[in-house]
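Novice: Whenever a hint applies, use it, and build me the whole structure from the sequences.
As you go down the protein sequences, you meet chains A and B in turn.
Under the working numbering, think of the first position of the first sequence as 1, with each following residue one higher.
Under the working numbering, think of the first position of the second sequence as 1, with each following residue one higher.
Simulated from the structure, these hints should not be mistaken for lab results.
Worth double-checking, as some hints may not be accurate.
Computed cross-link-like contacts, EDC-like style, restricted to lysine to aspartate or glutamate with a CA-CA straight-line distance of at most 16 angstroms [what the hints assert, rightly or not]:
{"hint": "1", "chain 1": "B", "residue 1": "LYS84", "chain 2": "B", "residue 2": "ASP56"}
{"hint": "2", "chain 1": "A", "residue 1": "LYS171", "chain 2": "B", "residue 2": "GLU302"}
{"hint": "3", "chain 1": "A", "residue 1": "LYS112", "chain 2": "A", "residue 2": "GLU140"}
{"hint": "4", "chain 1": "A", "residue 1": "LYS149", "chain 2": "B", "residue 2": "GLU302"}
{"hint": "5", "chain 1": "A", "residue 1": "LYS112", "chain 2": "A", "residue 2": "GLU225"}
{"hint": "6", "chain 1": "A", "residue 1": "LYS149", "chain 2": "A", "residue 2": "GLU62"}
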Amino acid sequence: MNTLISLLLAALLTLGLAGPAQAQQKSDPDNPDANATWQQMRTSMFQDRAITTPADAVLSLEAPERAQDAAIVPISIRTHVEQRPERYIERVYLMIDNNPSPMGAVFHFTPKSGRADIETRVRIDAYTHVRAIAEMNTGELYMATRFVKASGGCSAPPGKDMQAAMASLGKMRFRVEGEVEPGKPALAQLMISHPNNSGLVMDQLTRMYTPAYFVRRIQVSYAGEPVLSADVDFSISENPNFRFYFVPTGEGELKAEVIDTNDLRFETAVKVGAGS
Amino acid sequence: MLWLAALLVLAMVAPGTRAQEALTLAEGVHVFVGDTGEPSPANRGRIGNIGFVVGDRGTVMINAGASYRHGRALLAAAERIGGKPVVLVVLTQPVQEFVLGAAAFADQGIPVLAHRASAELIAARCENCVHNLRALLGEDEMAGTRPQPPDQRIEASTTIEAGGRDLELIHPGWGSSPGDLVVRDARSGVVFAGTLVAVGRVPELRDGDPAGWLDALARLQALARTGSGRIVPGYGPPVSADALDATRDYIADTEARVRALFDTGTPLSAMVQAAHLPRYAGWAVYEPVHGRNVQLRYLAHERAALAQ
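Specialist: This is how it looks when you write it as structure tokens:
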């Protein structure tokens, strides 16, 4: 967590006041390696370790070429490696080069995850490369990139007032998709009601910036064993949503614990058994 | 001969190369039929229809255009065509192509009227629209453009007399936006529907309430059938009441498809493709507006599920 925060701060400082227009010019759709922010992040996080890319046999990244809504861009990371105790994907980094805080999330997986796939939604500030980097427990790194065109639309829809959002703050729902078979990776969805304010949006009426307030940590366990944890940042959209896998056994409880930047802690759990 | 015809067509469609021409629907009832695409440098952001009604003493504008310059041009054209000074601007919805020209009228001392909810949305977000349009259309095209707070705000349906003509201002509830106003000219029965109706174009659901919108369309159809039958949509050519079925079907079909896909666990990332509706694929702005609508409605269902 500390590393993440210091990285975020470093990135914010180096980006300084670079606006979206500048950021746009910084990214060449055909040359993902050229971006200065990426080069800096790469050095600070992975030093001179090799990163294999493309790496279609390990992971792929799906994102719309042009975002429907820059505030909510669905990102789907699919992995093609079985999570075996001897060799599995331990972390997946989600990076958005031209966002004010480029490291959007670091997801942690275990062999109990079954698969290290993850789907979520992010805010995208400008035309940018999005990166998913898988780190194996054995240390190898693999990267998939996509170029996404997103820019601020006219506005947010009406009726999304903060009071209504705060009334359901921290409410969560689990949804387990499809038939559950013991020993076979099952797909689950965690929905969290949270404004996830970035702190970068000005209210045109009050001329004040809505203070940053977002979910920063997620931990999901099944039958007491961790299957997914994540350090996340304000690049994650309002009402954070995560689709991921876990391996059900006979019967067990799927449990989520979420902590936000005010250190509020929210929990939810659902019983999962064969045939449920 | 062919090239001459081609040149003529070019001259007719090239925006800004000639004075505004208006369609006349009834005595004193006119409409500038605008582009149905997305705002672009080619159409200068001037999309959607702007109406005006000319009475014995003055003219009422129905919507104000997409920029200060557009507002100035509309004001001049309406006064030239109708021969009466513009005495009032009515804003039917707070969308940029209807409201950003309002300052050009206000600067001439012409009052601007809108529903209270529209006035609130203009204040909350139009600065952002101006900023984005400057980037898209250029500083020159947007010179002087600023959000204009409406100085007359209404809360419910009312009848007004302006310029010597009676106009019904109908607020059918939250349909395509929380502050929808439908304008009906009492003398001719012509109805100006604003964004509630898009002809041959995918309606933007962003500000809408689908159930309220369907109710409003039914009410509009009933209203049109008691009068001249003519409806001026927000986008596309004037139509009769039956043509509103297509807008209704689009909203109902999109809503049903998104609901079904949400209920069966389709992820957001797969929605745009899964909710493709071939029947409407030939409409203007299907790409990208349908995709936006799908995502928006999906997220609305999700919020409702979370709030339970």
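Novice: Hint by hint, note whether the structure agrees.
Specialist: Results for each hint:
Pair hint LYS84 (chain B) plus ASP56 (chain B) holds up; C-alpha atoms about 8 angstroms apart against a cutoff of 16 angstroms. The straight-line distance between the Cα atoms of LYS171 (chain A) and GLU302 (chain B) is roughly 12 angstroms, inside the 16 angstroms bound, and the hint therefore holds. Proposed proximity of LYS112 (chain A) and GLU140 (chain A) is contradicted: the alpha carbons are some 20 angstroms apart, above 16 angstroms. Taking the CA atoms of LYS149 (chain A) and GLU302 (chain B), the gap is about 25 angstroms. The hint is violated against a cut of 16 angstroms.
Under the criterion of a C-alpha separation no larger than 16 angstroms, the hint pairing LYS112 (chain A) with GLU225 (chain A) is consistent with the structure, at around 8 angstroms. Distance restraint check for LYS149 (chain A) and GLU62 (chain A): the Cα-Cα separation of roughly 13 angstroms lies within the 16 angstroms cut-off, and the hinted pair is therefore satisfied.
The structure does not agree with the numbered hints 3, 4 stated previously, though it agrees with the rest.
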